[in-house]
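Asker: Given the coordinates of chain Y, assemble chain G onto it according to the supplied hints.
Protein sequences, first through last, are from chains Y and G. Heads up: the first sequence is residues -14 to 141, going by the working numbering. Heads up: the second sequence is residues 717 to 989, going by the working numbering.
None of these hints come from the bench; they were simulated from the model. Treat the hints with care, as some may be off.
Said to hold, decoys possible - Under the rule of at most 27 Å between Cα atoms (straight-line distance), these lysine-lysine pairs were calculated in the DSS-like manner:
{"hint": "1", "chain 1": "Y", "residue 1": "K111", "chain 2": "G", "residue 2": "K957"}
{"hint": "2", "chain 1": "G", "residue 1": "K790", "chain 2": "G", "residue 2": "K819"}
{"hint": "3", "chain 1": "G", "residue 1": "K819", "chain 2": "G", "residue 2": "K792"}
{"hint": "4", "chain 1": "G", "residue 1": "K732", "chain 2": "Y", "residue 2": "K111"}
{"hint": "5", "chain 1": "G", "residue 1": "K957", "chain 2": "G", "residue 2": "K917"}
{"hint": "6", "chain 1": "G", "residue 1": "K957", "chain 2": "G", "residue 2": "K942"}
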Amino acid sequence: MIRAYAVILPTFFFALVLAAFPMPRLIDYIRPEWVAMTVIFWVLMSPTKAGIFLALCMGLLLDVLHGAVLGLNALALSIMAYLVLLLHSRMRLYNPLQQSFLVFILIGLFLLVRFWSESIVIGQGKTALLWPSVGSALIWPLWYNLLLAVRQYFRD
Amino acid sequence: MLVAALICVALMSADKYLEPVQHVRSLLGYLITPVQWVSGIPGQLGVWAEKSAVSRSSLQEENDRLRNESLVLKQKVQQMVSLRAENNRLRELLNASELLDDKVQVAELIGVDPDPYTHHIIINKGEKHGVFVGQPILDAQGLMGQVIEVLPYTSRVLLLADSNHAIPVLVNRNGIRAIAVGAGRLDELALIYVPDTADIKEGDLLVSSGLGSRYPRGYPVGTITKVEHDPGEPFAIVSAKPSAQLDRSRYVLLVFSKGSQLPEPQMQPEVQP
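So that you can see chain Y by itself, here it is in the shape it has in the complex:
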């Protein structure tokens, strides 16, 4: 159990670094949601270990990293993790293209929930919903295989 988290948490650290990494402005517009994708991956792979509360904790860290209202990303990420929990047995059987499409929908929902709660709490939200989801869907096969390799390597 503890060994599993010794693999999961470093991948989240890496995802957080990628989320804070400075990039050219143009790439910023389609910057994939690394942390959300990592949450999807771990919930998909081991739904007993990674679940809503892991998503909640990572969301809180993301909030502090982005200087957002505390709980904003946490809410959106835990709702998304809940959806993945419902979907995971079906999603595992999909081929990469179908998975990418589902990731596009999930990240889009994550951003939409974030936008809604942000506009309720602060009064204005970030309306960038489409391009980050496209970026995430495009990079998903690569990220999935990378995390899968990490998981296989440390499993035994």
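Answerer: Coordinates of chain G only, in the frame set by chain Y:
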């Protein structure tokens, strides 16, 4: 799921309305600081490589240039002392308050917010170094912005060019007051509510006016680049270019000035007759 959602909603409302949540944020800040450091490493490697790959002759050149500059500045400082004394004497005659020197601390930029719709930077000084929310930030050329969030070892700075930022300024040439708001682009500020008849020209220097008690007065903010009079608009359209190099400065100055913190309201002790 419901429990998680309730926690989040409670946290969000608490963050908006209550003060103690700052402690939670600062605790999580300890976890997030290594992330900020690591994401800043490649940039710092670049700077280090640039520094260590300079040739001897160019270092020599730079050294000479800096020596000359230092001489010129020293000469100016000599005059400054007497001028400052004279200025303070004259202000005393006018019964105005004395101008105070501002204390500064150097900080290094370690990150830029990846969100393309805001202009925030992360600096490597935080709560432990005495940074406070609302503190003004300068670079060598002018005002850069203010601190909006303090974590234990880092803090987040809102730049002048962010569209959520406004600063009271005055035109250095004639003292006309205006408000400069960020236009959302790093190289542009917009002056709002400027009457069509106001005497503002291209090339005028804007300095902070110190009204609003947030920024110290007298620091350069920008230069006017465009003045447009549109008969259909109630006010003149004036844009300015920030003096500070918002996209280039690596070292910034934190100002600890008397004017930047609101004075505590003082209770007068009642005098017994």
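Asker: All hints are to be evaluated individually against the structure, with a verdict given for each.
Answerer: Hints, one by one, checked against the model:
no. : hint            : verdict
1   : Y:K111 / G:K957 : holds, 26 Å
2   : G:K790 / G:K819 : holds, 19 Å
3   : G:K819 / G:K792 : holds, 20 Å
4   : G:K732 / Y:K111 : holds, 18 Å
5   : G:K957 / G:K917 : holds, 13 Å
6   : G:K957 / G:K942 : holds, 9 Å
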